[in-house]
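K.L.:
Residue-level listing of the chains:
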Amino acid sequence: MKIKVDRKVCAGHALCAAKAPDVYTLDDDGYCNSDGMTVPPGKEEQAKFGAAYCPERAIVLFDAAGKEIR
Amino acid sequence: MAAVAESIAGTIPAHIPKSLVFDFDHFTAPEVQKEPHRQVSQLLHKNAPDVFYTPRNGGYWIVTRAEVAVDMLRQVENFSSGPEFNHFKAFNPPMLPVQADPPNHTEYRRILNPKFAPGPVQKLEEYVRQLARTIIDEVYPRGRCNFIEEVAERFPVTIFLKIAGAPLADRARLVAIAVKYTRSPTFEERQAAITDMANYLREKYKERVKEPKDDLLTQIVQARMPDRDLTDTEKEGLGVLLFFGGLDTVKSVLSFVVSYLAQHPADYKKLVDNPAMIKSAMEELLRVSGVSTPERGVTHDLEYRGIPFKKGDRVVFLTQLWGVDDQQIANPYEVDFSRDVSQHYAFGAGPHRCIGSHLARLEFRVFLEEWTRSIKAFRLEKNVPVKTAGGVVWTPVELSLAWDV
Chain D
1 MKIKVDRKVC AGHALCAAKA PDVYTLDDDG YCNSDGMTVP PGKEEQAKFG AAYCPERAIV
61 LFDAAGKEIR
Chain G
71 MAAVAESIAG TIPAHIPKSL VFDFDHFTAP EVQKEPHRQV SQLLHKNAPD VFYTPRNGGY
131 WIVTRAEVAV DMLRQVENFS SGPEFNHFKA FNPPMLPVQA DPPNHTEYRR ILNPKFAPGP
191 VQKLEEYVRQ LARTIIDEVY PRGRCNFIEE VAERFPVTIF LKIAGAPLAD RARLVAIAVK
251 YTRSPTFEER QAAITDMANY LREKYKERVK EPKDDLLTQI VQARMPDRDL TDTEKEGLGV
311 LLFFGGLDTV KSVLSFVVSY LAQHPADYKK LVDNPAMIKS AMEELLRVSG VSTPERGVTH
371 DLEYRGIPFK KGDRVVFLTQ LWGVDDQQIA NPYEVDFSRD VSQHYAFGAG PHRCIGSHLA
431 RLEFRVFLEE WTRSIKAFRL EKNVPVKTAG GVVWTPVELS LAWDV
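So the protein lines, in turn, are chains D and G. Per the working numbering, the first sequence runs over residues 1 to 70. Per the working numbering, the second sequence runs over residues 71 to 475.
Honestly, the hints are just simulated from the structure, not real lab data. Fair warning: there could be bad hints in the mix.
[Said to hold, decoys possible] Coverage of chain D stretches by chain G, computed from C-beta distances (three or more under 8 Å per stretch; other residues unrestricted):
#, region
1, 1-14
2, 22-30
3, 37-47
[Said to hold, decoys possible] Covered, in the sense of this in silico footprint (three residues per stretch, anywhere, with C-beta under 8 Å from a C-beta of chain D), are these stretches of chain G:
#, region
4, 377-388
5, 444-457
Virtual Cβ for every residue (Gly too), placed ideally from N, Cα, C.
Just need the whole structure built from these sequences, with the hints factored in.
P.N.:
See the structure below:
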């Protein structure tokens with residue numbers, strides 16, 4: 001599972017990292033810097049939970065075939 | 071559509087379609103004076119267009135739905151924070167970074183961020199916890215308290231003044247100025263509050279130029295834009311906004327949260343029995359406790375979702391209603407700690423997301439951890455509905471609590 005973060009839309013709420021700390025990391029200013037990262041195996045549900053919490057809907061997840069996960 | 075009083079109907083500009091007019095005053099409507107999130111949502115989400123025009127307080131658009139609002143707040147080229155597009159916000163000094171658009175806005179945020187990013191904020195946890203304990207230990211033996219004055223004003227304001235570097239002795243004076251801004255519907259009163267705050271800051275900045283310290287005041291005095299020094303007006307504008315944000319908002323949200331818990335003992339007991347739950351329950355409580363009302367000005371004549379906006383129109387965003395928007399969330403008025411996702415916009419959305427959000431979340435969580443540790447059950451002291459006030463920042467106005475000692 002791959003993470004795509006729209007950095008232009010991310011507003012630094014930092015809820016992704018709060019809700020899914022094993023998946024998302026923040027830069028020094030508190031904005032998500034997990035764009036392009038692969039979700040660690042077994043953490044897929046956490047990744048979805050963190051993405052669902054993003055108030056800006058800035059995080060989209062893709063499966064191995066490159067299909068968007070909803 | 072609510073009938074518009076004849077006395078103000080004539081003030082509605084010609085470009086506003088009659089079908090989009092709804093008479094609502096977010097400062098004084100009866101619905102903001104008791105359970106405002108539920109009452110105002112029931113009034114507006116059920117009866118008013120998602121974006122409507124009210125002729126009150128000089129006239130402006132109000133946006134009540136989260137999806138529409140989040141989309142509009144991103145369109146900074148159409149809905150600007152700049153005072154040049156909003157005559158009602160032509161304050162001196164302009165409040166920064168709120169009253170600026172990117173790219174300047176981005177630079178102002180960069181100046182303030184070192185004190186408000188998640189990392190630096192996390193380092194304050196032990197101090198915040200000690201302060202919460204001190205305040206709770208003081209009121210606990212009495213078996214009662216006036217929560218707003220004795221706890222909700224003291225706790226976040228003390229923390230903010232420490233970060234800012236302003237003396238605690240100035241607390242009452244500064245809170246009074248902030249409240250004058252957030253509860254006044256007229257431009258003149260709000261400008262007077264801004265002038266008072268700017269005058270205060272000017273004195274403090276002089277002190278910091280002479281003797282720098284590790285605080286926000288010093289950080290502002292020493293800050294630079296990429297290619298130049300900050301002007302005095304910019305320094306004052308940055309300070310004014312931070313002080314208004316730090317002095318009135320957390321107090322209001324915390325009072326809404328505690329007011330809810332006082333009236334829902336079963337929910338409170340869940341937190342007492344399982345303090346580990348507080349972190350996630352906080353988001354659900356924040357969902358129904360939003361307080362602030364950002365505003366934008368329309369930059370040019372445009373049509374958006376069929377609505378004819380004209381350059382200079384004011385647009386007011388009731389973020390308070392987005393967490394109880396039934397298009398976003400099922401059973402919106404029901405607080406349910408077992409919800410999967412408690413989506414809300416208590417800290418706004420888009421590039422202007424509340425810079426104090428990480429500090430506020432830390433304060434709420436630590437406060438509830440300490441309150442639940444000391445007080446196993448509590449209630450409203452008087453069996454009457456909690457009175458609340460509308461305005462730029464909504465808040466409970468009286469909240470006396472009681473518990474068994």
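K.L.:
Count the residues of the region 377-388 of chain G with a beta-carbon closer than 8 Å to any beta-carbon of chain D: does the count reach three?
P.N.:
violated (count 0)
K.L.:
In terms of beta carbon proximity below 8 Å, does the region 22-30 of chain D have 3 or more residues touching chain G?
P.N.:
holds (count 4)
K.L.:
If you look at each residue in the region 444-457 of chain G, do at least three have a Cβ nearer than 8 Å to any Cβ of chain D?
P.N.:
violated (count 0)
K.L.:
If you look at each residue in the region 1-14 of chain D, do at least three have a Cβ nearer than 8 Å to any Cβ of chain G?
P.N.:
holds (count 5)
K.L.:
Can the region 37-47 of chain D be counted as covered by chain G under the rule of three residues or more with Cβ-Cβ separation shorter than 8 Å?
P.N.:
With 0 residues closer than 8 Å to chain G, the region 37-47 of chain D misses the three-residue bar; violated.
The structure fails hints 3, 4 and 5 (numbered hints given earlier, in ascending order).
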